Every structure is written in C-alpha cells, then in structure tokens.
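Student: Model the full structure from these sequences, guided by the hints.
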Amino acid sequence: MTAGEAWRLPAREIARRVRAGSLAPEAAAEAGFAGPAARWERDVHALLAAEPAAWRAAARAARRDGPLSGVPVVVKDNLCTVDQPTTCGSRILEGWRSPYDATVVRRLREAGAVVVGKGNMDEFAMGSSTEFSAFGPTRNPHDLSRVPGGSSGGPAAAVAYGLVPVALGSDTGGSVRQPAAFCGVYGLKPTYGRLSRWGLVAFGSSLDQVGIFARHVGDLAEVFATLAGPDPYDASARPGRAPDVSGWHDGVRGLRFGWPENLWREGVEPALVAALARAAEALERAGAVRVPLEFLPGDVAVAAYYLLATAEASSNLARFDGVRYGLRKASGELSELYARTRGEGFGPEVRRRILLGTYALSAGYHDQYYERAQRARSRIVAEHRAAFGRCDLLLLPAVPTLPFRLGEKTDDPLAMYLSDVFTLGANLAGIPGLTVPMGLASGGLPVSVQLLGPADAEPRLLRAARALELDGDPAGRPADEEREPAWPGGVAR
Amino acid sequence: MAIDRAEAARIASLARLSIPEDELDRVAAQLSQVLGFVERLSALDLAGLEPTAFAPAGGPLRPDEPDPRTLPPGTATEGAPEAEDGYFLVPPVLEALEP
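Protein sequence lines correspond, in order, to chains F and R.
Position one of the first sequence corresponds to residue 1 (my numbering), numbered consecutively onward.
Position one of the second sequence corresponds to residue 1 (my numbering), numbered consecutively onward.
It is worth saying that the hints were derived from the structure and are not from the lab.
It cannot be assumed that every hint is accurate.
Listed below are several chain R residues computed to face chain F (Cβ distance under 7 Å; list not exhaustive) [said to hold, decoys possible]:
(1) 5
(2) 18
(3) 37
(4) 66
(5) 86
(6) 88
(7) 93
Keeping only pairs whose Cα atoms sit at most 20 Å apart, straight-line, the calculated SDA-like set for lysine to any residue is [said to hold, decoys possible]:
(8) F/329 with R/90
(9) F/329 with R/91
(10) F/329 with R/77
(11) F/329 with R/84
(12) F/329 with F/24
(13) F/329 with R/14
(14) F/329 with R/30
(15) F/409 with R/91
(16) F/329 with R/18
(17) F/409 with R/36
(18) F/329 with R/80
(19) F/409 with R/30
(20) F/409 with R/33
(21) F/329 with R/63
Pulled from the structure, derived: some chain R residues nowhere near chain F, Cβ distances all over 10 Å [what the hints assert, rightly or not]:
(22) 4
(23) 12
(24) 22
(25) 39
(26) 53
(27) 68
(28) 84
(29) 85
Since we're looking at a predicted model, the values are computed, not measured.
Glycine included, C-beta positions come from ideal geometry on N, C-alpha and C.
Tutor: If you want it as structure tokens, here you go:
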C-alpha cells in the first residue's frame, strides 16, 4: 500500500506506521484529502473548515511516538480549536476563532493526532439531520438524497466516506449515535462526564457529552483511552480513573444482554428489526445470554428530554448576545442590540428551542414543565437502573427509521424530535451508549443496533461491539485482522 | 397548552429574541404542538420522585492559585465585535451621570 492509500487504514495502523517511521503524518492527512475528499466532499459537505495551512502545520508538529501519531481527525464545529474557526454551524459565530483548544482537542494533539478540519453540524447541535446548519446541509454518502443524521452529521459522514478514520462529535440526545447509525459507522457516547467538556460549546449541560466516531471498534477504544479522565477545567467531569478499555477484544462469554422487544413491536423499520435479530443471534453465538425484559416507551423520554434540553439551551445560549463573540446587529439601545443580534444570528430550530426553553422556565410554568420533566427523568434513571440489575447491557435500536430524505422533516419539529426516541434515554440517565453498524439494507442504506450499559460500562460495550464486528466479517477472518468497512458505493476500492 | 400570537411575542421578548411579525403565528403553532406532546408527562406517576441531579459529590475544587492558562483580557476580547483596551463595548446603559 502506498502512502496515498493510507486513508484506508485503521487509526491504530496509521499510528503504528508513523511510529515505525514508514509513514509521515503529512502523508496520512494528505491521503484523505487527495483520495476520498477529492471525490466526495463537494457533494457530501461534511466539513465547515479544513484550512490546509493549519492542518499541514499541525501534521509537521505532530509527535511521532504517540498512541495516535499522525492520525487525521475531524472534530465537530462546536469543539474549540485555536487553529481553525469554531462556528457551531451558526451565523452568530461565523468566522469566530477560539483563543484556546478544548481539552479533548488538546489531548488528541498531545497523543500525536492531527486535527484536519471542523465537521458540519446542526446549528448549536440542535437537530437530527444536519439540515439546520447555517452553512448548508451535509448529505449521506450512502445516498446523497438523504440526510446523514445529526447533529454531528459532518464528522459521521467524513468517517463514512473515508476522509478520516476517527472523528469527534457531541451527543446531547443522540447526536453521535444517530448519525453513526445513518452513516454506517461506530458511534460511542461515553458515560456523562467521562470526557471533558471544557471547550465544547454548551447546549444542554446536564446532557452534553463528547463522543467518538470510528470505522473499527479498536479505534474507538484507542481514542476513548486517549481522551478519558478528569480535567481540572471541567467541574462536571466524572471523578476517578476512567475504566480500562484495553480488553475490548476479550469477548462476551457469559455477558447478559437485555432484549426489550416491546420497544420495537411497532414503529420501527423492518430492516432495523432484522438487524436486532441478527445482532442478538451473533452475541449468543459468541457466548452471551439473552434476557427478555420490558422497557418504558420512548415517547415519555422524548417529552422529558425536549423540556430539559430546551430549558438548558435557553440559558446556555444567553451568552450569544452580540457583545462577546461574532455577530453584532448594532443598535443604540442594549436590549434591542441583543434581540436583533439573536433574532438574525440564530436559525429557525435554535430560535424554536430557545423559546420553548424560555417558556418552560418562565414564572408560573417552571413547576408544571421543568420540575415535572426532571422528576420524570428520575423515573427514567430508575428504569435503567432496574434493567441493569437484570442484565449487563441492553440491545435496542439506535434509530426507528433508515436515513430520511432531505427536507422531509425540517418543517415538522415533532417528527424530527421523534427520530431520537431510542437515543435520548442514555443522555437522560447519564449512561454510555454505542451504535454498532450492521451492514447495509437491500436498498444500500446502513442498518445498525445500539448497545447501552450502566455508568462506566464502556469496556463491556466495546467487547460486545467487537463480537458483532467479528461476526459480521463475511470473510470470517481471525480476530487480530481488521476487516475493511462497508464504504459508500462508488468509492474506488 | 395552546400558545397564541401574543404569548409567543411575550416569550420572545423574555428570551431577547426578535421574531418577525409575520412568523409569530407559525412559531406559536409549533410551540403549541410540542407543548401538546409533552402533556403526556402529566399522565406519569411521579409520586416520591425527586428531580435528577448529576453534580459530582463534594463539588470538585482546584487550588486557589493563579493559572497560567487564564486568558489575558486582550485575548479574551479578541473575538468580540467591538472591544477596546481589553473591555467589551456596549451602547450606553445609563443616562449621562453628573461627575
């Protein structure tokens, strides 16, 4: 394989070659842009920024002896970077540059990784399709007429079409796991607080978590191990040592997986139900045990989530006021300056959510909405705790449908919100979740399943994902060899 | 809970968010739709449940020492639309005061 083919490699293999001196970080980054991106980026629009001067300088400066040396990475545009703009997909931050790196970005760089670009996203991470980016939507590389999911649609698509082997997103209600499902890649949302959020532009602070995209389970484990751990700059970071994920390939013998079939008895695409059945059988073949159980219907979680997330967003987004960052619509009067800047700077979905959250927190309605949603959330937390008393992890859909078409849900907020029905429970409960790609449906669109575990169960989720990764290898290759993922149709192989 | 045009305008003013007149009806209808959906929480039995909180126990604190990563004012105001001498500039909020 020539250096120009390096984009096909798993992140760990790129780092191994860089450490061995047989691959230069510049060449690894260049391979993605000269190969897949040259062919795909114009159609897919996964990136909001990828300044060559910035990533070339970062590649030259990358250490050659780190766990992620030379690994090109796309980070979602709500993670602050000093060398490329950070806009959160919003006009209100157009052209803004952060004076500091997010902790997770800093840790990537310290491990030798090269941040090559900023991933497109729904404005301020509010959306499930990346259509609410102020800078134009991302398209699904498996079918350009369809959405890549959201809100981290750009990073998910960049990993899917091959620009980079791994990417970072953020997951407040499914914004890593849902686009991973739509784009056919792995997407991990760790336990609440496990990855530092310092430098992640806040949306819903009791729900936000940085997450990881990859095409291989082993790469997920490597990036998680690099990023996880306390951060003195994030007071909400989970204290104590991060769980050890080095045993990600240790198998699932004896592991009990919950099977809450009531969740998909209706309203879930048959191809996704078939993927669940295949996953359950694969886990059983690998020695895991199925535990049937019942679970609270998802619409309760959707209702609680959209009150809490919007309430927190209305507070967090108060900082974008035309004074400290980016856009200002001038006025001689301060409150009018605020209102005009925000009215013109924010797009339709962000405005909707700020209004909903403002209402849910306003005098006279706080108890009826916000307080009630926080108590419903406690019920959801208790449901998960009870389930994990009976099993080690839960197997459930990541999404109810295959990727939908652009424009299908942009004018129907509720329909869009319901596409998160299976993912936002993990954010409400603060637990880790992982989307596992399960190949392509007959029409060529990705299908997937989701694994959920109790807090700090990342090692277990990765072991189960690995069992599915191996089982899905049509060539039945041995465990130490990596299968090449299902690239979107048309990528030269 | 149905939100009408006037209520939508009131919420927008609380949120310091200007909404064009011709969008108010649509905004009100969409808010009403979502609030109608969240009504299902009223049917849940929540007796004895406290609101969720995830704050880590003990409130982690770092030593009260100057931090080399603290941004100097000039850097912190670099991305502001209008700044001067390390300060953010805003229109006057007080009438001219006697010295």
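Student: Can you name, in rising order, the numbers of the hints this structure does not satisfy?
Tutor: Numbers 1, 4, 5, 12, 14, 15, 21, 23, 25, 26 - these are the hints that the structure violates, sorted from lowest upward.
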